[in-house]
Amino acid sequence: MRVVAESTMGGEDVRDYEVVYIFDTQLAEERITEKLERYHELITGGGGEITATDNWGRRQLAYPIRKQTAGHFVIVQFRSAVDGLPEFERLLKLDEELLRFLIVLNEGLPTAPMSIATREPSREDGGDDEEDDE
Amino acid sequence: MTIRRAAKNCPLCEQGIRQLNYKDEKTLSRMMTEQGKILPRRMTGMCARHQRQLGTAVKRARYLALVPYVRRYVD
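If you're matching them up, the sequences are chains A and B in order.
The C-terminal position of the first sequence is numbered 308 in the numbering used here, with every residue numbered one higher than the one before it.
The C-terminal position of the second sequence is numbered 79 in the numbering used here, with every residue numbered one higher than the one before it.
These are calculated hints, taken from the structure and not from any lab test.
As the structure is a computational prediction, the values presented were derived from the model and not from experiment.
Treat the hints with care, since some could be wrong.
Unchecked claim - Across the chosen pairs, the derived CB separations fall in these ranges:
1. Pro238/A x Ile21/B: 26 to 34 Å
2. Val256/A x Gln39/B: 35 to 43 Å
3. Leu43/B x Arg264/A: 34 to 42 Å
4. Arg56/B x Arg253/A: 23 to 31 Å
5. Gln39/B x Gly221/A: 44 to 52 Å
Claimed, not checked - From the derived model, a few chain B residues whose C-beta atoms are all more than 12 Å from chain A:
6. Leu43
7. Cys51
8. Gln55
9. Gly59
Cβ atoms here follow ideal geometry from the backbone N, Cα and C, with glycine treated the same way.
Let's have the full structure, built from the sequences with the hints guiding it.
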């Protein structure tokens, strides 16, 4: 067993993540922005970066969470070193006004609740959709 | 092989969808029963990969209260 973990020079393990926040709807928009900034400082401070943010706003919950029937949803995609995550998660757990959160690896999914049914090909005049890359 | 199946049967593959999004509750609920159960493969007709994704996606969506764990049966 190693006594001191060797710092991984250069070979930092960096991944793309996606986090879904569900805030209490009582919170004002500014308070939420403030909170997000505070959370994300931890990511950006550790050399990570925020790649996408999507504010869904108020949404009905399928079942009550802490007696709330609605929540304010915010989706954020970011890139961060793996070691930064436990601390980030700890911070989120401590927040009482955050009803729930989910951190998953981002596999290139869009942030919007885009329905496959409503998904349209970007142009329909082309005919075949194989050669969309430009 | 000389004899080939007409086409892939998986409805998602046919639509060219690679990944099921757990945030897309509309699509997910089409693959669930009224009560909130995940439909079996014989009902969805999906390939193994997409059916696996469905399981993960539904479970994530449930946690986020986008779809219910159970919906009471009302008649």
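Comparing the hints with the structure gives:
no. : hint                           : in the structure
1   : Pro238/A x Ile21/B: 26 to 34 Å : holds (32 Å)
2   : Val256/A x Gln39/B: 35 to 43 Å : holds (38 Å)
3   : Leu43/B x Arg264/A: 34 to 42 Å : holds (38 Å)
4   : Arg56/B x Arg253/A: 23 to 31 Å : holds (26 Å)
5   : Gln39/B x Gly221/A: 44 to 52 Å : holds (46 Å)
6   : Leu43                          : holds (15 Å)
7   : Cys51                          : holds (15 Å)
8   : Gln55                          : holds (15 Å)
9   : Gly59                          : holds (14 Å)
Checked against the numbered hints listed earlier, the structure breaks none of them; every hint is satisfied.
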